[in-house]
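Asks: Sequence:
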Amino acid sequence: MWPKDPMFIGKTSADIEAVAAELGQIIEDRIKDVLDGPGIRNIERGECVYPQVVAVVLAAKAKRGQSG
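In terms of the numbering used here, the sequence shown has 13 at position 13, counting the first letter as 1, and numbering is strictly consecutive.
It should be emphasised that the hints constitute simulated quantities derived from the structure, not laboratory data. Where a beta carbon is used, it is the ideal one built from N, C-alpha and C, also for glycine. Where hints are given, some of them may not hold.
[Claimed, not checked] Okay, the calculated beta carbon distance ranges per label pair:
1. P51 x D5: 22 to 30 Å
2. I9 x I40: 35 to 43 Å
3. D29 x A55: 17 to 25 Å
4. L58 x A21: 21 to 29 Å
[What the hints assert, rightly or not] In the DMTMM-like style, the derived pairs of lysine to aspartate or glutamate whose C-alpha atoms are separated by at most 20 Å in a straight line are:
5. K63 x E28
6. K11 x E22
7. K61 x E28
8. K4 x D15
9. K4 x E28
10. K4 x E17
11. K32 x E22
12. K61 x D29
13. K61 x E17
14. K63 x E17
15. K63 x D29
16. K61 x D36
With the hints as extra help, turn the sequences into a complete structure.
Replies: Set out below in structure tokens:
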């Protein structure tokens with residue numbers, strides 16, 4: 001659907017890749033915020049309505065614990 005979205009008309013693949021990279025960094029920053037802040041308690045209690053987010057955060061937490 002995205003190629004037909006007016007927001008993407010006239011954009012090059014480089015433009016889209018740049019936005020995707022920026023979004024990826026924002027997501028990584030937010031995961032770090034959750035792992036370093038009080039938000040992890042909400043994830044652990046299951047108070048998040050997005051199971052994908054819970055899976056990503058808990059995987060990041062496990063990986064962080066292994067790298068010690």
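Asks: List, from low to high, the hint numbers that the structure doesn't satisfy.
Replies: Numbers 9, 13, 14 - these are the hints that the structure violates, sorted from lowest upward.
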